[in-house]
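Student: So you can see what is in the structure, the chains are spelled out below.
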Amino acid sequence: MNIFLYLDEDTWFHRLDPRTKIIGVVLLFGVALVFNHPLYMAGIALGLVLLAAAAKALPNFWRMRYILILLVVFSTVLWPFFAEGPTVLWSWGPLEVSRESLMYAIAMGLRLASFVAAGLIFLSTTTNEEFTHGLIRLKLPYPVAFAFSTALRLVPTFAGAGATIVQAQISRGLDVESGNIFQRAGKFIPLAVPLFIYAVRHTNMLAMALESKGFNPGAKRTWYLNPQMRRADYLVLALLTALFLGALFLRLRGYGAVLPRL
Amino acid sequence: MKAAFTMWKNTRMIILVAVCAAIYAAALIAFKTAIPLIPGITEVRVANIFPMVFSLLFGPAAAWGSAIGNLIGDIFGGTLGLGSIFGFVGNFLLGYLPYAMWTTLKPIADGERELALGNWRAWVLYILLALISSAACGVVIAMWLEVLGLVPYPVLVTIITVNDTFGSLIGGLLLLAVYGVVRRQLRLVWWDVMEPEDIGKPAAGVLGAWLVVIGALAGWILGAYILSGQALIVGVITTVLILLGAVLM
Chain A
1 MNIFLYLDED TWFHRLDPRT KIIGVVLLFG VALVFNHPLY MAGIALGLVL LAAAAKALPN
61 FWRMRYILIL LVVFSTVLWP FFAEGPTVLW SWGPLEVSRE SLMYAIAMGL RLASFVAAGL
121 IFLSTTTNEE FTHGLIRLKL PYPVAFAFST ALRLVPTFAG AGATIVQAQI SRGLDVESGN
181 IFQRAGKFIP LAVPLFIYAV RHTNMLAMAL ESKGFNPGAK RTWYLNPQMR RADYLVLALL
241 TALFLGALFL RLRGYGAVLP RL
Chain B
1 MKAAFTMWKN TRMIILVAVC AAIYAAALIA FKTAIPLIPG ITEVRVANIF PMVFSLLFGP
61 AAAWGSAIGN LIGDIFGGTL GLGSIFGFVG NFLLGYLPYA MWTTLKPIAD GERELALGNW
121 RAWVLYILLA LISSAACGVV IAMWLEVLGL VPYPVLVTII TVNDTFGSLI GGLLLLAVYG
181 VVRRQLRLVW WDVMEPEDIG KPAAGVLGAW LVVIGALAGW ILGAYILSGQ ALIVGVITTV
241 LILLGAVLM
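Protein sequences, first through last, are from chains A and B.
Its first residue numbered 1, the first sequence is counted upward by one per residue in the numbering used here.
Its first residue numbered 1, the second sequence is counted upward by one per residue in the numbering used here.
Chain B extracted, bound-state conformation (with noise of 0.2 Å):
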């Protein structure tokens, strides 16, 4: 997690990061009244095209990036209340997770920060990081907006994740088409941009990145259709491996 507060040094990383979070909140603004699921607190995201993007190319710059994004969209949706809090930390980790666990979700990930987008072992990874992340995302999201008793937590874990996970897949089409233009003309991936010692390496990213996968599939199924009575303690419990885990990667 190193990386994700460095990165405040890096004039570059900074601009990376305003341009993701206007470009977010930009799509948010534009479809936040066009089909509501749950009024005031979701909607079908097409803007969730981008986190997961921008998380692979921009690394750090894009975990702010959605986050900050996200809140501008409640702001200028008119939708800014508390449960904005947690929707900037879950979006946080939407645009944070995918970025770490592409080199720290061994075996299955091979460590290399490159995309290599012509194998289908990376399409794998993207597929799995896409309902992980989103899966990690609907949790936290869900657990707070529990406690507030704004929203029942089995509904909106659910409809964040299918929602989240669509968003990011159609990603990929996104991501092939720009990946040679910001990797090779605008030398604009993440670790192009920062200094290697900025980077550093994660304490424990294997033990992290599985803890965030056990956390955000039982946060999700058991929360929302196993242990649906015990929501708020499900969602809790999964929050805090969730966390831990992000901080160790």
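So here's chain A without its partners, still in its complex pose (with noise of 0.2 Å):
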């Protein structure tokens, strides 16, 4: 199974620094975030699903599928509970269900799927080594961006350690698909454990790798990997702020909101 998320296309959105792609999904979520009338969030929505289209992100869209409709279907039952609006639909007892909080919860459940697909947008067009180099091309401290990038690294190996154990203990007798919730968690202990002494173990044979070549976390460095920002992206922060700013004035003159809150 690939756990990955990026796909490999050659659209002006992977060619974006990732600079650029970071600044830029964080503004995107900022524009999410300023609405929180339905129509305005299913236009942003619409928005994005057509930018996926651009980046050649559908696919990933589609497999992560129910996890956006069901972000929209939960908000959409439990939000009208918990937002007021003076429009009352229905009540019985403190349960009460006004037109705006079920208007709200529908813009909720389209916020929360604007994220995700923001997100996905994102991880589908940018490398984990991109994405690392960024951060730290953003000042993120070596050290945090050094543990960041190995333990991307190191998630499919120990992931595929966990399945051989899974295996392996299945093998065993070890039966993991019977029982409730509590019993089925509790089964996870005799898998965790190889799985955790395998990776600890890991530890000092990296550590020592590591400082037999020199490794200092301290260290000034030189890259191999050397993005430049260009004139697209520079063109794409600026539409984007200008997209994050128009947002946030007209929802100052009142426009975008159901309810008189975030």
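Source of the hints: derived by calculation from the structure; they are not laboratory data.
It is possible that some hints are incorrect.
[To be verified] List time: in silico BS3-like cross-link candidates among lysine-lysine, alpha-carbon distance up to 25 Å:
| # | chain 1 | residue 1 | chain 2 | residue 2 |
| --- | --- | --- | --- | --- |
| 1 | A | K139 | B | K2 |
| 2 | A | K139 | B | K9 |
| 3 | A | K139 | A | K220 |
The two chains are supplied separately, each in an independent frame; assemble them into the complex guided by the hints.
Tutor: Given below as structure tokens:
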């Protein structure tokens, strides 16, 4: 199973500098955060789908379709009972659903789905190496970025080791399929112990390998991968900043809100 | 809190951050879609057996490892979003508080870093810290998601607290199984790996620990059950208490 979401395509979005993509996705999160009217949020969600089509990221949207649908459904069911509005549609004891809270609930579902969609576009177009390098270029301390990138590389290794351990324990008679949630969680222990020991044994070997090559967390570094900000990057950042400021301006003028809250 | 920053000078601690993050993320991804509780936000987190065990063994490396591991879980799970910011902070606390409070939550704690796992008092402290660290994680994340308007605070704080406490309690079995190997065979417990001058002593550890206890329990019980109408205010105040307490330890 491929756990990575990166899709190897040649689109303008893929070619952007990782810094542009990191800042851009934060700006998109900001735009999704400004409005709480379902029509405005639907517009943003549609825009993100078009952006995903341009970035050839739609296969990942299809892969995550259940999460995206469940987000909207769950939020629409949950929020009406917690947000209060003046036009009451239904009430029973302390529970109350208003027209505004229902609209707010739909908007929150779309907001949550928009966050996930923006994240998916980013992950579909950015390799782990580019992501880490972008974080370093955005002044994340090198040891933190190193730990992050090492963890990213180790995840598939440990996931593979975990799968082998599961198969080995099943062949010895461990039944991981039956029982309630508590029993099944308890059965995770015989799987977790060998995985834990396998992983921790790596630590000493990795540390020795690094130290033997003169690894120094605080040393100054040069880079093989050296992406540069181009005109397209500045243009994208300017457009997204304008979009965010425009959305903020509209909201401050009273547009795009069914309730006076974030 | 000094050790959480000075540890970045130590190669073994940096590797431990990566290893903790990778194990936690691998387990999170494996169970991400198994039993969702709030789709896209949280699920039954079998992986939560790890952070408290990591914390008591690897100290500050576990705090950063849990935080980064949760972020990687969001990345590979496709649920990266603004909520991931406080998911990072909440999971940092989940890995930070157990080791920091193990020595500072006096008089329940005896002040020794060594885990006396044959002693009933150690297990009382373990159970208490499982609840406190889980509630602290729940308060911080639920407050942020309420601010963003994503999930109501009273719902999420209880789900995270119960979910994480349950995971940490089962993690006790894992701790029993691996402590001897990590302590004596691999010699990788954090107070053996780090230099004593890098560990330092907390400025007001006992005060910090009790601030966290008050913040976590008040944030959960008041915010979810007693003052749920004022949940956001309760969430903000108790988050400040928890973060202040964490800094003092």
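Student: Could you tell me which of the hints above the structure violates, numbers in ascending order?
Tutor: Result: no hint breaks.
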